[in-house]
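Top to bottom, those sequences are chains A and B. Numbering-wise, this note's numbering comes out as the position in the first sequence, counting from 1, plus 1487. Numbering-wise, this note's numbering comes out as the position in the second sequence, counting from 1, plus 146.
One or more of the hints may lead you astray.
Just so you have them, the derived chain A footprint on chain B, three or more residues with Cβ under 8 Å [what the hints assert, rightly or not]: (1) 182 to 196; (2) 276 to 285; (3) 313 to 321; (4) 416 to 424.
Everything labelled a hint here was simulated from the structure, so no lab data went into it. In this text, a Cβ means the ideal position worked out from N, Cα and C, and glycines have one as well.
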Amino acid sequence: MDETVAEYIRRTVLKIPRDEIKTMLQKWGFLSEAQLQTINFHQIKENISQEVVQLCEENSADIKQAAVLDIIYNHIYPNKRVWSVYQMNKTGEETEFFDLTDFKKKFKRRLRSALKNVTINFREYDDNAIWIRIAWGTPYTKPNQYKTSYVVYHSQTPYVFISASVLKSNMPLLCQALLVASNYCDIREMELRSHSLNSLKDIVFKRYSQNFQTYYPRPLQERNVAPESADIRIIQENKNEKERIQRLNREVFGDGPQPKLEFAQYKLETMFKSDPKMDVLDKREPFRCLVKFSSPHLLESLKSLAPAGMADAPLSPLLTCIPQKARNYFKIREKKGLFPGSFVSP
Amino acid sequence: MEPGQGELSPAFPLAGECQEKVEEGKAYSPDGVFAYLEMLEARAHKAAVKQEETEQQEEKLARLKARVEELRLQRDELRAKVDLQQKRQLGKEGGVSNPAQPSARAVLEWKIKSIKAMLEVFYLTGISGKLTKRGVCFCISTAYEGTYLDSYHLDLLTKPEVQIYRHSVPIFIPLQQIAKKYLQTDIRRFLSVLSDHLNAYAGRRYQADQLQEHFSDQIEGTLQRNSLCNLLVFNYKVPSKSKTFPFNVRLLYGDLCCSLPTEVVISCTPNAPASLAETAAAHSDLFRRVALHKVFRSFSSAVGNVDGAP
Chain A
1488 MDETVAEYIR RTVLKIPRDE IKTMLQKWGF LSEAQLQTIN FHQIKENISQ
1538 EVVQLCEENS ADIKQAAVLD IIYNHIYPNK RVWSVYQMNK TGEETEFFDL
1588 TDFKKKFKRR LRSALKNVTI NFREYDDNAI WIRIAWGTPY TKPNQYKTSY
1638 VVYHSQTPYV FISASVLKSN MPLLCQALLV ASNYCDIREM ELRSHSLNSL
1688 KDIVFKRYSQ NFQTYYPRPL QERNVAPESA DIRIIQENKN EKERIQRLNR
1738 EVFGDGPQPK LEFAQYKLET MFKSDPKMDV LDKREPFRCL VKFSSPHLLE
1788 SLKSLAPAGM ADAPLSPLLT CIPQKARNYF KIREKKGLFP GSFVSP
Chain B
147 MEPGQGELSP AFPLAGECQE KVEEGKAYSP DGVFAYLEML EARAHKAAVK
197 QEETEQQEEK LARLKARVEE LRLQRDELRA KVDLQQKRQL GKEGGVSNPA
247 QPSARAVLEW KIKSIKAMLE VFYLTGISGK LTKRGVCFCI STAYEGTYLD
297 SYHLDLLTKP EVQIYRHSVP IFIPLQQIAK KYLQTDIRRF LSVLSDHLNA
347 YAGRRYQADQ LQEHFSDQIE GTLQRNSLCN LLVFNYKVPS KSKTFPFNVR
397 LLYGDLCCSL PTEVVISCTP NAPASLAETA AAHSDLFRRV ALHKVFRSFS
447 SAVGNVDGAP
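Using the sequences provided together with the hints, build the complete structure.
And the structure:
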């Protein structure tokens, strides 16, 4: 077995939390159950990884199999990477018959025709997600297994989720291969980025909870009714206001959990509006400014702003339109025309 | 000012007894102020305890009053029931009876029942709508052969022109295409076509899921499928002890509004006996006519027959 492969497997195993190593190796399926039984999973990870490498040596693992272990790891821990969303367009209107074998063949052929030194691995999952792992090399060097790009594609959808590696120069190649394989015409990067792959999927596939008004008899959900204080002498003075805020919040954000985003960025290119006498700027030019909201869970925190009394309800549409517009990077320019104000660029 | 000299003018009227104590305190000068303060503290404590007691009494009284009201209400209800019973008896005995005025409660119950029935009808027809502030919100429910599946929503704006504001339709359903064709001109047709697409998709997915759930032992590995479930490729066998999967089938669902395949290609794997070619042809016809999971169910029930012929 190649030295590099051994080292790669060792490093991949070291990344896995100790309690998960056994299950992940089982999912990998490269080592037999009998072999797995011989490993002591209670020792320190260094030793576990050494034992795993030895067993892989016995089975003569090659880079392809090592890559599968890497895909499994990234599928279970996708939030360690930053994912961007790309949108594809097509002109034709024929029915899609997405054939998986066809897709894989076309993708590999297109990519390899441009760059021979790549390692390409595919893995399909139950929810129709196709994971593609690409390790990039150059025309003169072998693929670097530590510089990988991941692509997640759901068949017959126009969205691709890409976690690029450091080498951004390979993106055009990757995009080309995707277009050819999936039968689309062009591809562009959306202004939507996050660590949480599933939340990105929720946003573009519209799987997040939107409050639709229907007559369908849903069982009345137990709203969080705070127990009336036992002491009747305590009265909620702002009861109406609180209820109004709750109602508006539910209309905007829905009832369910929000998709998980870490930040929203607004690039302002608007004019600084000041008292003309103050004359802050000599010339009338746009005041360039960047506003960035960061949070472990941005949309949940926005949802709790009004009930916590930190902001007025309804919140600014610039904040609440994030899931619907499927973007968290905005450019705000001056609105040209009769009405001064600002509008969000497409 | 030395303690004991000068007058301690009381801040509030003291009871007679306390006045004495104050006077006494003046005689025993070092303890005067402290004793006075102690006395004030004790008084305040007593007053607080008394206030609490009166409050508790009041609360108890209020509770008992509420209970009395409750019991009175119950009594009235029971009286009404008894009257109704008596009236019914009279009616049964052939007396001229005025139909008892339906009580407000009965009317309400009837209203609720009829509304629930109406909603049930909407749900059963699969398309229901509700007017919103700016337009209409439609709910399309899907079902396949008696099993209810997912519901999808469409929020439409009606001004300035009909447009889709937001929706929960899966991204791989060609919603934009259908909208471009029919949304502006014929909303009914739009909804009907969309409902057909969604129901057919739900049906295809249901069949594939059923197959994987109940007949996984007859399939090699997992099905190759896609988001729309309009292309399924897999190797299968008829129920038998053999461990090989001699048939390879490719089901193509050309019509997105249909839950049966338009094209079926069955081939035998290279190392399969030639006799199976006939069976393959028979299966091909079966897949075209019958739902996927039902085909496999028929295999299981035909196990007793020779060659598993349908």
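Verification of the hints:
no. : hint       : verdict
1   : 182 to 196 : violated (count 0)
2   : 276 to 285 : holds (count 4)
3   : 313 to 321 : holds (count 7)
4   : 416 to 424 : violated (count 0)
In the structure shown, a violation is registered for the earlier hints numbered 1, 4, in ascending order.
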